[in-house]
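Number of protein chains: 2
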Amino acid sequence: MDAAIDLTDRSQALDLANIRAQLIRLEDTITFHLIERVQFPLNQTIYVPGGVRIPGSDLSLMDYLLREQERLQSRVRRYDSPDEHPFFPDALEEPILEPLEYPEILYANNVNLNHTIKQRYIEEILPSACPNDRVDRGASQENYGSSATCDVNVLQALSRRIHFGKFVAESKFQENPEKFVQLIKTKDKKGIDEAITNMKVELKILERIKMKAETYGSDPALAEYRNKVDADAVVSLYKNTIIPLTKVVEVEYLMQRLKGTQWE
Amino acid sequence: MDAAIDLTDRSQALDLANIRAQLIRLEDTITFHLIERVQFPLNQTIYVPGGVRIPGSDLSLMDYLLREQERLQSRVRRYDSPDEHPFFPDALEEPILEPLEYPEILYANNVNLNHTIKQRYIEEILPSACPNDRVDRGASQENYGSSATCDVNVLQALSRRIHFGKFVAESKFQENPEKFVQLIKTKDKKGIDEAITNMKVELKILERIKMKAETYGSDPALAEYRNKVDADAVVSLYKNTIIPLTKVVEVEYLMQRLKGTQWE
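First to last, the protein sequences are chains L and H. Per full-length UniProt numbering, residue 1 is the first one in the first sequence, and the count goes up by one each step. Per full-length UniProt numbering, residue 1 is the first one in the second sequence, and the count goes up by one each step.
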């Protein structure tokens, strides 16, 4: 099953079955990268500006790596893609590759929740996912770079997953424009939130993510290598961060959806 | 179970139980990253120098990203660590972080199999791991950057896994120096290879890696998302590339092991 969605193909990009496959696939990606990250201690210092001194920069070590990674990836046009959102927009450079032709899929919008995603990740997700016995091991700096490298992978996957809410929202809007136009015109955010919420689906996601964290986090052959990641921490990541922030993305996207259209 | 080995601690780094735990943990890492890669088509073009035109460079797109990634990571001292080996040594910069104190664990050596690892990866591993039906999809360039980004992760994990053979070799040497000194002095590579080979362990690895590829490659909740990676291709990666190249690393490391010692 090929889950990679092609965003240069408009009909693919707004097909709810394709979007669902992509979101399910991203559950694996997020779980894999988080399992990689939590093999290292929390290493709190790498998130503190100045915690590791970086010449010519007052960023934290993790922010430094994330920013430089975005700069590099912007050159190969990562941020041309409508499902990618930078954490450091000011670091982006002009792509060195020829631009791709993306059809107009999403309406113009400025929704970018990366600041909140990063904050939640550092303050809530990591402390709960890195077991306590690793928190204070940190006299050694040996895994600072490895930890930050994994963080970049996790954060980019989280950002992609959460901002995919824009495609979900656009697809739902097109299914029933009358209903959404009315809610949007009356600025009824609560009504929009209710219209896009499906509690049954959300519960299914949480059940599934628990199974994934347990399965992917356990060596299938060696009992002593179980629970590489705390499954409850991954469930809580979905319950308290990914699902609610995705809905914020959907609502905020829809609030901007009528600008410049027949419905404005 | 915390599998991250601390290479600033000499007793940890040469303890065979720790090395084994690290190698087993790297099986997960390699499998995860490979699963991420094969969600995209083969995209052969990204491995061909000039296939994607890069201004001011005659590298392939994948090599360009790998080289720039190494440049960035060298700044946060990735290549100071004795288990890391660059694919592009000429791209490395001076670390911007204070150096760590690594004890002398390995003897000085110039063993670096990255050229062979990359060649095998591009010519054998990828074509067998990316299902045929994706090979020719490639009119769209949409996933070129994503594919190459995954490649960098896989290649770095493969390189780390294979060059960990140096720690295995050093540990085995210290267990029985007399035996190895004699084999090394008579340049008996075949004898060294036999002394470091344990067929029973190798078979166990292959069994385990098949289970991992099947387990991590299948969504535990949704039957339609099975076989994200071809388990036989992962087994063959271990059987034909990782295990034999690790042994080459061990043998070549040992061949240099007596230089400057009492046994020379």
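Derived from the structure by calculation, the hints contain no laboratory data. Be aware that one or more of the hints could be misleading.
Since the list gives no way to pick one copy over another, a pair counts as held whenever it fits inside one copy or between any two copies.
Derived SDA-like pairs: lysine to any residue, alpha-carbon spacing no greater than 20 Å straight-line [said to hold, decoys possible]:
id, residue 1, residue 2
1, 210, 220
2, 210, 225
3, 210, 226
4, 210, 235
5, 210, 223
6, 172, 72
7, 204, 219
8, 118, 71
9, 200, 221
10, 239, 221
11, 210, 107
12, 239, 262
13, 204, 221
14, 247, 258
15, 179, 259
16, 172, 57
17, 200, 220
Taking 20 Å as the upper bound on the Cα-Cα distance, should residue 239 and residue 221 be classified as within, between, both, or neither? between (30 Å within a copy, 18 Å between copies)
When Cα atoms must be at most 20 Å apart, do residue 210 and residue 226 count as within-copy, between-copy, both, or neither? Classified as both; 14 Å inside a copy, 17 Å across copies.
Tell me, please, which holds for residue 247 and residue 258 at an alpha-carbon limit of 20 Å: within, between, both or neither? Answer is within; shortest intra-copy Cα gap is 18 Å, inter-copy 63 Å.
Is it within, between, both or neither when you check residue 200 against residue 220 at 20 Å Cα-Cα? between (30 Å within a copy, 19 Å between copies)
Can you tell me if residue 200 and residue 221 fall within 20 Å by alpha carbon in one copy, between copies, both or neither? The answer is between: 15 Å across copies meets 20 Å, while 34 Å in one copy does not.
Up to 20 Å CA-CA - residue 262 versus residue 239, copy category: neither (37 Å within a copy, 62 Å between copies)
Treating 20 Å as the Cα threshold, decide for residue 204 and residue 221: within, between, both or neither. between (28 Å within a copy, 10 Å between copies)
Identical-chain pair category, residue 118 with residue 71, by Cα at 20 Å: Only inside one copy: residue 118 and residue 71 sit 18 Å apart there, 25 Å across copies, limit 20 Å.
Given a CA cutoff of 20 Å, do residue 204 and residue 219 count as a within-copy pair, a between-copy pair, both, or neither? between (25 Å within a copy, 14 Å between copies)
Alpha-carbon proximity context of residue 210 and residue 223, limit 20 Å: Both. Shortest intra-copy (19 Å) and inter-copy (16 Å) distances satisfy the 20 Å Cα cut-off.
Status of residue 220 relative to residue 210 across identical chains (alpha carbons, at most 20 Å): For residue 210 and residue 220, the Cα distance is within 20 Å both inside one copy (16 Å) and across copies (10 Å).
Taking 20 Å as the upper bound on the Cα-Cα distance, should residue 172 and residue 72 be classified as within, between, both, or neither? Close neither inside one copy (34 Å) nor across copies (41 Å); limit 20 Å.
Of the numbered hints stated above, those contradicted by the structure are hints 6, 11, 12, 16, listed in ascending order.
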